[in-house]
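Starting from the given sequences, assemble the full structure and let the hints guide the process.
Residue numbers are given in my numbering: position 95 of the first sequence equals residue 1551, and the series is strictly consecutive.
Relax, there's no trap hidden among the hints.
Derived lysine-lysine pairs resembling BS3-like cross-links, with alpha carbons at most 27 Å apart:
{"id": "1", "residue 1": "1569", "residue 2": "1481"}
{"id": "2", "residue 1": "1825", "residue 2": "1812"}
{"id": "3", "residue 1": "1481", "residue 2": "1537"}
{"id": "4", "residue 1": "1569", "residue 2": "1537"}
{"id": "5", "residue 1": "1614", "residue 2": "1569"}
These are calculated hints, taken from the structure and not from any lab test.
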Amino acid sequence: MSEQNPVPADPAEDLPEQMRVRRSKRDRLLAEGVEPYPVGYPRTATLAEVRERYTDLPIDHATGDTVGVTGRVIFIRNTGKLCFATLRDGDGTELQAMLSLDRVGADSLAAWKATVDLGDLVGVTGEVITSRRGELSVLAASWQITAKALRPLPVAHKPLSEESRVRQRYVDLIVRPQARDMVRTRATVVRSLRESLHRRNYLEVETPMLQLVHGGAAARPFVTHSNALDTDLYLRIAPELFLKRAVVGGIERVFEINRNFRNEGVDSSHSPEFAMLEAYQAYADYDVMAVNTREWVQEAAYALTGSHVVTHADGTEVDLGGEWRSVTLYGVLSEALGEEVTVDTDIAVLRRHAEKHDVSADPKWGPGKLAEELFEELVVPSLQAPTFVRDYPEETSPLTRAHRDTPGLAEKWDLYVQGFELGTAYSELVDPVVQRERFAAQAVLAAGGDAEAMRLDEDFLRAMEYGMPPAGGMGMGIDRLLMALTGLGIRETILFPLVRAE
RNA sequence: GGGCCGCUAGCUCAAUGGCAGAGCUGUGGACUUUUAAUCCAUAGGUUCGGGGUUCGAGUCCCCGGCGGCCCA
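In structure tokens, the structure reads:
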């Protein structure tokens, strides 16, 4: 950064006029002994509080009450002896400030006109009145810059380009109410999830993000290095193996909401770092976790809207209430293929289906993996309403218990909504001997060049060997949940998403 | 990784291969009731970077950067 942007000899030289003007105003204030960034302002009410306190005032009315308010100047309308400014608060509330010659005097009014630009933060103290047009206003007795903005605000009436919105989210937050709403929406949903789990006696824990062995999912990790230990470390791809250690230790209901990191693609539904809820419950199974997950999502929707119906950004209403559809993987796949396939169907038959439907198949894939690919290509896009898809092939579920009835299947479901995967759950595999065999099979895949294959985690196996109770476990992407609740892209749900260097 | 589209003033966008423009913003002026105030005047450009074709390139070609969409 410092190499590419050396500080010029005269910083003002290359700046656009608008920034030069604002910098010179700052200089002038300092020269006049006026602090452009004062330590505070005697605020007696937020703009929202003023609006709440004074409703239905008559037109052109003076209350006799004095308040001190602060806000960012988003509109300015100056006339000769009377100035109007619209202030906006952090919560988006707007209130008009008025400065009149007869109230503040000629010097103060002239200073306002000469100093205050769009985007400045100001404090105004004065009487609460309504204007002749009925607009609730603070008629200034005094005013002060609380922070001089050196950069001009973008045009308030045209949307910022998508790139600017993401790269300069602080500007997006200033000018676009929906950007601020998203921050609140996300906080509401995360808080709701935490409360849902706490109500059910789950304990929240934090497990390592820097790991010696990455595990718990099929994904490429980020690699980093510890100088003190002189060893490479991985940023976690999932908290699963540590949460299970906690279950072994007797934390029977445990969850974590935090970031995972996967060194993979970046697009409208994938971010290299993403927040996830993982929860484990001893003596439960994937059926229990399905009920839990549905309730937690429904409670989050309720926290947001007061009902189970959420409204997307494009105006469509989505009803997440009631029981959710539940199907089996091979059931919906058979339906889509028009021919029954099962976990025992020969891979040659599956390959024929793949060819027929133009699904490219890696010859290294086993029948389970191929069936899953067919499912993702042919079925997933149609899964708009929340749908649990159950009973995956054991082959692709190395951390999942074998199905209690059907050999070759695993007790796993994926939850789909609006055509994308929202979450997953297992009846957890707790037999350490079988777990070791599964890891061994994964190691073969890794040796064959599969970068997503799981690594053998000896310490995790040692924990399992002390005895892990039967348990159900689930994971759900927080960003994905926000997408499902709002209909927005993942980069809109993340406050500061990763972007390439400018 | 592949294909397509885009990148022009502070912001949002125009411009048949022929003088680089508009709106808002800014600057100067007028205005004591404005609501994206209005009126008059006015400034503002490395057209993402580099190379090429051409009398002449924002525009056409090549390489690179960044972003978006679709596909894998």
